[in-house]
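Working from the sequences, and respecting the hints, build out all of it.
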Amino acid sequence: MLQLALLSFWHVHAKDYLQDAAQHPDTKVVAVWDEIYERGQHEAEKRGLQVYQHLDDLLSRPDIDGVIVTTPTHMHEAVMVAAAKAKKHIFTEKVLAPAKTAALTILNAAQEHNIKLCVSLPRLYHGYTQAIKGLINQGALGDVSYARVRLAHDGAVSTPQNPEGWLPAHFYKAEQACGGALIDLGCHPVYLLQEFLGRPQSVQATFGYFTQRAVEDQAVVTLGFADGVIGVAETGFVSGQAPIQIEVQGSSGRVYYGFGDEKLTIYQRETPQDVNIDLPKDLATPFELWVAQIREGADGSHNLAHATTLTEVMEAAYVSAQQNRTIALAQ
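Every letter in the sequence shown is one number past the one before it in numbering that gives the first Met the number 0, and letter 7, counting from 1, is 6.
Everything labelled a hint here was simulated from the structure, so no lab data went into it. Treat the hints with care, since some could be wrong.
Stated by the list, open to error - Subject to a maximum C-alpha distance of 27 Å in a straight line, what follows is the list of computed DSSO-like cross-link-like pairs (lysine-lysine):
#	residue 1	residue 2
1	27	45
2	280	14
3	99	27
4	132	280
5	14	84
6	14	172
7	132	262
8	262	280
Next comes the structure, spelled out in structure tokens:
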């Protein structure tokens, strides 16, 4: 049984990862640290977990095998490097880091100390992603020229139940979050475009401040790829009833997923009608992959490659929005 610690309840998915650990037959969370001690103490007491005021004290425990990192984004580098040096395997909320230099520092620390590191990029492993990737690879759409992925929710929308929206207020603090909707929810459309189209060559971003907060509450990022291929990532915290939308356009067909249902629909020139495609089962979740990396030596390189490129795109997107220009990515 792997004994784990949760590092911070800052992120809204912290409790989800606690549930993942509770449901996995080979993991158990035994300790908590939080940068706000009172918050950690409150959550730990509800669950019968030991809480630590100082991170070093928790990391010094030899019986803790790994940590789940759900700290503020700006703390990722310091926390994960410390965990790696303490020989703790690391599962982290996305993004890995807000800047490429910080991401590489984390990756190097994990490699130096033989640590298994995995980033939560859950939609990478969903059945629809695997099916769409397979269709592209098979040439079922012809030459792919365009893809768009939209993922949004209403977390910043005022309602009678939540006048300030249901997301915590600290999600809008630029110093902690290192951005707004894009660096949080927008990660999913970006890494899906990476999976479908490859490594982007250029990044151009437009931000919206619909609720007049300090960080963007909606964003559109246009990614340029080799051979003139375009990818569009859309996200936001101000969209009611916003199911995932995926479309991939090719020279001889197109595929849609989402748009209010969970059907994958393909249209091909030779059969001029929409055809629904059965979805394969989801692959292992990122958390399950991480445990398999530790226990069985499973390969996590695909996950980390996506996470690293995702950080590069995010860093470039914020520069692009601030300077109103297209940013080229190093190839």
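Structure-based check of all given hints:
Between the alpha carbons of residue 27 and residue 45 the distance comes to roughly 16 Å, so the proposed pair stays at or under 27 Å and holds. Proximity of residue 280 to residue 14 is assessed by CA-CA distance (about 25 Å); at most 27 Å being required, the pair is judged to hold. For the suggested pair residue 99 and residue 27, the alpha carbons sit about 32 Å apart, so the restraint of at most 27 Å is broken. Restraint check for residue 132 and residue 280: satisfied, since their Cα atoms lie roughly 14 Å apart, inside the 27 Å limit.
For the suggested pair residue 14 and residue 84, the alpha carbons sit about 26 Å apart, so the restraint of at most 27 Å is met. At roughly 21 Å between alpha-carbon atoms, residue 14 and residue 172 fall within 27 Å of each other, so this suggested pair holds. Between residue 132 and residue 262 the alpha-carbon distance is near 15 Å, which keeps this suggested pair within the 27 Å criterion. For the hint pairing residue 262 with residue 280, the CA-to-CA distance comes to about 13 Å; that is within 27 Å, so the pair holds.
Taken one by one, the earlier hints fail for this structure only at number 3.
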